[in-house]
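Asker: Could you fit the two chains together into a complex? Lean on the hints.
Order-wise, the sequence lines are chains C and W.
For what it's worth, our numbering labels the leading residue of the first sequence as 1, then goes sequentially.
For what it's worth, our numbering labels the leading residue of the second sequence as 1, then goes sequentially.
A couple of the hints might just be wrong.
If you anchor each label on the Cβ, the simulated ranges turn out as follows [to be verified]:
(1) C:S438 / W:S183: 57 to 65 Å
(2) W:S183 / C:E528: 37 to 45 Å
(3) C:V560 / W:P91: 49 to 57 Å
(4) C:L513 / W:H141: 56 to 64 Å
(5) W:E118 / C:S438: 51 to 59 Å
(6) C:E398 / W:T162: 54 to 62 Å
(7) C:E528 / W:L109: 26 to 34 Å
(8) C:E397 / W:D171: 54 to 62 Å
(9) C:N288 / W:L4: 38 to 46 Å
(10) W:D171 / C:L513: 58 to 66 Å
(11) W:R31 / C:E251: 21 to 29 Å
Don't read these hints as lab results, they were simulated from the structure.
We treat Cβ as the ideally placed atom computed from N, Cα and C, and that holds for glycine.
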Amino acid sequence: MTIKNITGNEAIALGALRAGVKVVTGYPGTPSSEVIGSLLRQGELEGTRVEWSTNEKVALEVAAGVAWAGHRALCTMKMSGLNVAYDSLISIAYSGCEGALVVYVADDPGVSAGMPEQDTRGFALMSDMPMLEPASVAEAYAMTKYAFELSEAIKSPVFIRSVTNVALSYAAVDVEERTMPPIREPRLPRDINKYTKAGAAICMNQHRELIARLEQAEQHIRARGWNRLHLADKNGGLGIVAVGVAASFLEEGFDLVAPYGFNRQEVSILRPAATVPFPGEEVRALLNHCRTVLVLEELEPHLEKGVYVEALRSGAQVRIVGKLDNTFSRIGNYNAGHVAKGLIKALDLKAPADLLAGRNAEQYAAARPITTCAGCPHRGTFMAINAAFRKLRLKKEEVIVTGDIGCTILGMNPPFQTVSTEVAMGASIGLAHGFAYSDVKTPVIATIGDSTFFHAGIPGLINAVYHQAPLTLIIMDNGWTAMTGMQVNPGTATEFQQPGRRRLDLVHLIPGLGVNQFFLIDPFRLEESTETIRRALTLPGVKVILSRRECNIQAARRGVRHGRITTVPEKCNLCKLCITITGCPAISLGKESIVIDQAQCNGCNLCGQVCNHEAIKWEAVV
Amino acid sequence: MADLKYDIYLVGVGGQGVLTIGELITGEAIRRGIPANFYPTKGMAQRGGFVKAQLRLGRGEVGPDIPEQGADLVISMERSESLKAVRYVKPGGSFIIYDHVWAPTAVMLGKAPYPTLEQVGDEIEKAGASVYYIDPKNLPHYNGQLVPDNIFMLGVTMGQTTLKNILDSGDMMKAIETRWKRSAERNLFAFSAGLTAGVGCSCPPVARERGQGDK
Numbered sequence: 001m002t003i004k005n006i007t008g009n010e011a012i013a014l015g016a017l018r019a020g021v022k023v024v025t026g027y028p029g030t031p032s033s034e035v036i037g038s039l040l041r042q043g044e045l046e047g048t049r050v051e052w053s054t055n056e057k058v059a060l061e062v063a064a065g066v067a068w069a070g071h072r073a074l075c076t077m078k079m080s081g082l083n084v085a086y087d088s089l090i091s092i093a094y095s096g097c098e099g100a101l102v103v104y105v106a107d108d109p110g111v112s113a114g115m116p117e118q119d120t121r122g123f124a125l126m127s128d129m130p131m132l133e134p135a136s137v138a139e140a141y142a143m144t145k146y147a148f149e150l151s152e153a154i155k156s157p158v159f160i161r162s163v164t165n166v167a168l169s170y171a172a173v174d175v176e177e178r179t180m181p182p183i184r185e186p187r188l189p190r191d192i193n194k195y196t197k198a199g200a201a202i203c204m205n206q207h208r209e210l211i212a213r214l215e216q217a218e219q220h221i222r223a224r225g226w227n228r229l230h231l232a233d234k235n236g237g238l239g240i241v242a243v244g245v246a247a248s249f250l251e252e253g254f255d256l257v258a259p260y261g262f263n264r265q266e267v268s269i270l271r272p273a274a275t276v277p278f279p280g281e282e283v284r285a286l287l288n289h290c291r292t293v294l295v296l297e298e299l300e301p302h303l304e305k306g307v308y309v310e311a312l313r314s315g316a317q318v319r320i321v322g323k324l325d326n327t328f329s330r331i332g333n334y335n336a337g338h339v340a341k342g343l344i345k346a347l348d349l350k351a352p353a354d355l356l357a358g359r360n361a362e363q364y365a366a367a368r369p370i371t372t373c374a375g376c377p378h379r380g381t382f383m384a385i386n387a388a389f390r391k392l393r394l395k396k397e398e399v400i401v402t403g404d405i406g407c408t409i410l411g412m413n414p415p416f417q418t419v420s421t422e423v424a425m426g427a428s429i430g431l432a433h434g435f436a437y438s439d440v441k442t443p444v445i446a447t448i449g450d451s452t453f454f455h456a457g458i459p460g461l462i463n464a465v466y467h468q469a470p471l472t473l474i475i476m477d478n479g480w481t482a483m484t485g486m487q488v489n490p491g492t493a494t495e496f497q498q499p500g501r502r503r504l505d506l507v508h509l510i511p512g513l514g515v516n517q518f519f520l521i522d523p524f525r526l527e528e529s530t531e532t533i534r535r536a537l538t539l540p541g542v543k544v545i546l547s548r549r550e551c552n553i554q555a556a557r558r559g560v561r562h563g564r565i566t567t568v569p570e571k572c573n574l575c576k577l578c579i580t581i582t583g584c585p586a587i588s589l590g591k592e593s594i595v596i597d598q599a600q601c602n603g604c605n606l607c608g609q610v611c612n613h614e615a616i617k618w619e620a621v622v
Numbered sequence: 001m002a003d004l005k006y007d008i009y010l011v012g013v014g015g016q017g018v019l020t021i022g023e024l025i026t027g028e029a030i031r032r033g034i035p036a037n038f039y040p041t042k043g044m045a046q047r048g049g050f051v052k053a054q055l056r057l058g059r060g061e062v063g064p065d066i067p068e069q070g071a072d073l074v075i076s077m078e079r080s081e082s083l084k085a086v087r088y089v090k091p092g093g094s095f096i097i098y099d100h101v102w103a104p105t106a107v108m109l110g111k112a113p114y115p116t117l118e119q120v121g122d123e124i125e126k127a128g129a130s131v132y133y134i135d136p137k138n139l140p141h142y143n144g145q146l147v148p149d150n151i152f153m154l155g156v157t158m159g160q161t162t163l164k165n166i167l168d169s170g171d172m173m174k175a176i177e178t179r180w181k182r183s184a185e186r187n188l189f190a191f192s193a194g195l196t197a198g199v200g201c202s203c204p205p206v207a208r209e210r211g212q213g214d215k
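Next comes chain W alone, as it looks inside the complex (with noise of 0.2 Å):
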């Protein structure tokens, strides 16, 4: 463990509870003695306004900016604000979308423009970085109602990413339960559901094929 060096961009939209990703995946890496820096930025807004965050793991001194090609891991949570991360991604790390569409009142007055998946899928590649693309409406319910986003797509990221090598599903299953006692089960529904979803869906062509249905 002593050499292990990995960052972690996330960006998306708030109110989608990307900050709660970087909490959980910062709490255990600290309960495991992993050096971490997390440094979020909220922006102004609360709800609807760019969030991003930036994690550090591994480094016992380290400055909280991630260097532009320098994150292991990009988690977005929507799909434009995907294209303010990229130029963060290492050529060769991961870049995982959760292909949530929060289109701002211009956009939904149809006065100005939205990126495309494909567009979205495109820049990532050129980037050098591997897509994991996953699509909202493969979000499952529990008890009738659609798990929470941010919870399945930490459990995709434990699935399918290298975060996987340096953090524990069991152990973050645990964090979990400890965060929300009342919602426990619901939580580790969405994140164990996350876990064996990405499977089958996580590559750039995919991804392509679906940009066509613009929403």
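If we strip away everything but chain C, and leave its shape as in the complex, we get (with noise of 0.2 Å):
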């Protein structure tokens, strides 16, 4: 054993590795990115694969088929990649498993990263697959381990789930040596009552068999003592259940009301590992000693209401303090301070008003909108697509511009306001036909990045190049996925993939989806650029343009710089025209001209190319 300061997706990774974990894969998506990227930084694990694969449906049933070989698979990726997973989840649920699948899903209460607040354990409830939920780093890891065990136990996928706060903090856990996966031999399913759904027998049956599962689950949870019950000496008082990162605070939450006559003692408190199986026994223990049950629980109220049930089945006569009751809400994560506030409610403290909140000073902050980074390909891009509308007499509020995951939305913000929409993987394409049908009068347009395509909007290009739609679509392929943190894609240049890897180049697949108006723009040159978008945005049809560069912070790891930067002070007019039209962070005001920040210009010269005074100098670097 070595203590390790890690975070809580690496704990997820190591807890993967020492139950032998035989694959991993997955698709990026914060906060669930670094269970891969930790793997991967380990280089070559003898024994064991870890793949980013091109989306989280696929990622699940390469997964999938491991487990049913008899081997031990995890699967990772964050709250909306389990949207896109769970067609073939649902169906992997009811077969079951031979070896071990183990789900990781990473969820966002408070919405630290963008994308809707959606609580998963909603997609436990509907496919009866148990669903552990750690409370720290360090459960993380146990969890993690156990969470195989319970897989191969019961013969079914498995759910960890974690959420943003525990996946990102660091703290030191214990962790043990790896196990290498045990050898077996591979098992290939021939029983079509277990691995198809043909027939209404055969899915009841699943069905059935999914269901006894899921019980079967429960009592294992149970007998490993991972639903802690602790009930107080006297009854007739107040329990307490919590699951999830909420049991974390509850020690933090007694402090802050222990000088307003709480005492710890007189509670009885109930913290499951899980709030799919629901803890029922647990849960009816506690309802029979307790008077009144503050439920703790972010984002759903599902054990609440699992709560709600068992008093009524069991005739108990308690209070429920939770969100059925409006004491907390359904949106954003939980602290110490809500703690408190349910114990102030459940025990009526007589606390002051004001213990729980602060002072409302961000409120005279400074706005501070994300923007594409200096040198960022996108940035031209976007900078071409507003010219071509210029050249063709169009306002931006004229044009509809879809947007899709990733980087690429960054357009939506200052200096370019280019794209107005935003909803999932590879939707942009799809919205983009749905204007084309719609009687707009003004060229249609839809924006992707190089991963997002691969991801999820190929399908999408199929269905527009078949019903030729008349859109233009413009793919940013910077060859990496950018904003999850710099993850390899089919797309990425070959020197950068794990060893064995084939590269799949954008500009050989396009054609072959039937698309036979392409063009390749450099988002460095503008000019170029808006003349070939321009042109597009004039011919019927499907229509798709590359914008091909390599993001500008891989490409500025390796020294890459295109050319240095210069001002000529004395031909600037302070027009801020570099400013307005390319928002670069690079360039600022300065008392007589502006400034470039060496430090962070890569050359790519997208100012210079606005300037209309000679005032920026580009010339090349040796």
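Answerer: This is the structure we're talking about:
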């Protein structure tokens, strides 16, 4: 055992290695990416394969194949990714598995990364799959090891669900050596009653067995002592049910209300490992012992609703404090203040009203909209789209440009304000197709990044080509899955891929999808890009423009510079055009001229191409 | 050390090395056997975006987020971002500001407001915290170059705030040496300068006088 300072995500990775995982798959998504990220940084792992798959659905299918062959597999994703994978997941859950299949999903209560604040425990309810909810980094490690054991014991896939603050927190954890994946002969499933869905009898039998496996999971979790129940000596007092990260705030919450007559000794506490399977036996014990029950869980009141049902079934006369009595909101994440608030309400403590309310000063803080980095190729694409509109005498407001997930969505912010929708991976193309059907008089444009296009954009493009929807798709190919922290994708240059991977070049792929109006542009060459986009917008049918330049963060790490930008102060009239059009963070306003921050500037020269006073000079670097 | 509970809230802007301060403090705490949970939040931007981190020392089991009015110490590396931490400072806690102004484009173009130092100082004072104010003009040079301001501020924090009761400056210098083998001297200089720098410019009235000169 070694004490290591690791994140919740690394804890998941190390727990899986300890459990002898044979295959790890996933698709990047904040806050889940660092499970695979940390594994890939370890280099070649003997006996274990790790891959970034093209999307979460594919990743899950790969992992399921491994588990069906009898091995141990882990699949990782953010909550939005589970939406993508769910179609396959529910069928896989119906079939169960032979080895172990652990699905790691990270939710984002409080929304630190963008995207819906969905509570994926709802998916566990729908697929009757156990979903373990670690409260801390250390528990993430322990529960991951257990998840493999549980999955293999009940022969069914098991979720581990983390949340942002656990996934990204660092804490000291006692970590064991990895266990090599057990050597097992691969099983090839021939049981069509278990592994196909053809027919009512097959599906309903599988449904029955699925429910039975969830009940088995409930027993297994209880037998292993994961549902921690402490009953106070005296009955008739307060009982607390707290699950996941909400439970980690208990002790601190107790401290907050200690000065106001709170007595910890009189409180009964249930900390279940999961909301699904519902810890019925423990909840009934708590209901029999207590007169008031405080339920602490982030987002949806899934656990709380179960407590109400058990109270009704057992005829317990209890008052339940949680979300359904409006004590807590279904929105946002918890801290110790929520525990204190619940205790004050449940025990009618006389605490000062401002105990939990800090001073609202952030209302005076300057807004800091996120923008593209200095030297970002996407800047050039947005500038060219906007310039093409001007050439066509179109106002930005008159044109619909659908956006997609990833850095390319930054086109929604100033100074570009080019893009105006964001839905889900690949959705820009289908949405644009819909606008093309809607009697829109102006050209319809979809924008998407390379990884997002590989992930879920291809079916949308095939549909547009098939139906000849008049739209222009601009694929902004920077060679990396950038927003989530620079992961590789099928289009990343071969030299940066894991050994043995083959790059798929979009230049060859797109014509293969039936696209016959295909253009390649360099986003750093503003005039040419603008002209190509302008021309494409006047053509009928489906047009695809591939705007290609490597992400500057990655290029800069290798020392790539495209030139050196200097200012000619005597020519600069401070018209600010370079700032208002590019929004480049490397440019600031000086007293007599604009100033270039050489530490950030990569010499892309987009600013030089908009300056009409020759005040910005570009020169080659050797 | 058993009863020690100490929470630190860090704010700043991407590119300032805010998280490095948190990592160094966390590393030292763990080395001393103090339980620690360090939760950095980077947001989406590489540079120029809001960065915060929450560091919780001394509790065996602790949730990652500091409650409102819960932080014993706030370290802010940017004037406007300081305001986002006011909600979390404990009445009677310490609030240390490096008064760097990182103006968003709209502010630079004169199209959006930016808080004055006086305004920030007022808010912190109303929250009941002690202000420790550092003017970036006081950042020293080493071999003709400005020293890294984050390491300088770590030094100021260790010199001025109650953190010095928990961690040892000498140990922190060893940690800095280990982390930056090649540029150890420069970073150690920054830290040592910070250790002694804060004295004499660390109260709200000083901050308010300087607040007139909005950069």
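Asker: Which numbered hints are broken by the structure, listed smallest first?
Answerer: Checked against the structure, no hint fails, so every one of them is satisfied.
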